[in-house]
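Colleague: Make a model of the complete structure from these sequences and hints.
One point on numbering: in our numbering, the residue at position 181 of the sequence shown is 587, and numbering is uninterrupted.
Possibly wrong hints are sitting among the right ones.
Claimed, not checked - Quick list of simulated restraints, FRET-style, between CB atoms: (1) Phe591 / Gly542: 36 to 42 Å; (2) Gly508 / Gly587: 34 to 40 Å; (3) Glu578 / Trp464: 56 to 62 Å; (4) Arg677 / Leu543: 37 to 43 Å; (5) Pro447 / Asp426: 28 to 34 Å; (6) Glu513 / Leu575: 17 to 23 Å.
Treat the hints as calculated values from the structure; they're not laboratory data.
Virtual Cβ for every residue (Gly too), placed ideally from N, Cα, C.
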Amino acid sequence: MTSTTVGRPGITRPALGNLDRTSGIGLGITLLWFSLLVLIPLAAVMITATEGGWSGFWSAISNEQTAHAISITLGTAAAVTGLNIITGTAIAWVLVRDEFPGKRLLEMIIDVPFALPTIVAGLVLLSLYGNDSPLGLDLANSAASVYLAFLFVTLPFIVRMVQPVLEQLDGEVEEAAATLGASRFTVFRRVILPTLTPAIAAGAALSFARGVGEYGSLVLLSGNLPFVSEVASVRILSALENDNRAAASSIAALLLIISLLVIVVLDLIQRRVAGRD
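Modeller: Given below as structure tokens:
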């Protein structure tokens with residue numbers, strides 16, 4: 407059987423098209439499981455969305471209320487992702503490069519949005535930023551509530567993607583660049599950033615996708631007010647409640663396509679930056 411060296415020297419893997427029986431069975435199980443959980447349901451959504459033809463699809467997504475909800479969802483998810491790229495990378499940097507009291511506690515708190523059920527997260531946010539806010543910040547039933555909910559649920563993604571890469575970064579390379587006269591900004595731009603970019607891009611893709619599909623954490627805080635704080639996921643639920651599966655699938659299909667395009671664009675950007683000399 408033909409083998410190919412992959413990754414580190416001395417590690418060989420079967421060449422494509424020459425899988426042994428064990429590898430073939432593993433690949434088959436993987437594809438079957440992936441198809442049952444992802445591919446087949448996605449295909450079903452796309453088929454349902456196109457049942458009424460292009461006119462039915464366009465009618466569903468161009469409805470004034472729906473179009474505004476989609477606009478709010480995509481705009482907020484993009485803005486939150488951009489902010490997360492900066493703050494998430496900065497938080498990861500602090501956690502890796504600095505020592506301070508309460509560091510372990512902060513490490514645990516960052517994962518809270520992962521652990522909390524989204525409806526519980528919504529209740530927490532409503533308690534802190536609702537009508538009876540102990541902080542004096544009443545953001546309920548406003549556009550700001552959507553931003554707040556998205557920020558809460560997407561906080562950990564970039565932090566947890568960037569942190570392990572920073573931990574494995576070779577400090578000697580930075581020191582060598584500094585001894586050659588490179589400024590701290592140049593070291594970051596030419597040495598550190600290309601290494602971090604794939605992790606940042608992956609975290610940004612997850613952050614955007616999570617924001618686009620978020621429902622539970624904002625349903626209590628936002629009030630789902632049309633043209634103010636209503637998001638696309640709420641419009642999907644409304645369509646299902648009105649027994650309009652085609653409209654719900656059309657909105658879902660649009661969000662899916664946009665999310666895939668964002669993932670592709672981020673991948674292209676990270677490849678270009680990571681491969682820059």
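Colleague: Between Glu578 and Trp464, is the Cβ distance one that fits in 56 to 62 Å?
Modeller: holds, 57 Å
Colleague: Could you see if the CB distance from Gly508 to Gly587 stays within 34 to 40 Å?
Modeller: For Gly508 and Gly587 the Cβ distance comes to about 37 Å; the hint holds.
Colleague: Tell me if the beta carbons of Phe591 and Gly542 are separated by a distance inside 36 to 42 Å.
Modeller: holds, 39 Å
Colleague: CB of Arg677 to CB of Leu543, is that within 37 to 43 Å?
Modeller: For Arg677 and Leu543 the Cβ distance comes to about 41 Å; the hint holds.
Colleague: Starting from the range 28 to 34 Å, see whether the pair Pro447 and Asp426 falls in it by beta-carbon distance.
Modeller: holds, 31 Å
Colleague: Assuming the hint says 17 to 23 Å, is it satisfied by the Cβ distance from Glu513 to Leu575 or not?
Modeller: holds, 18 Å
When the structure is compared with the earlier hints, no violation turns up for any of them.
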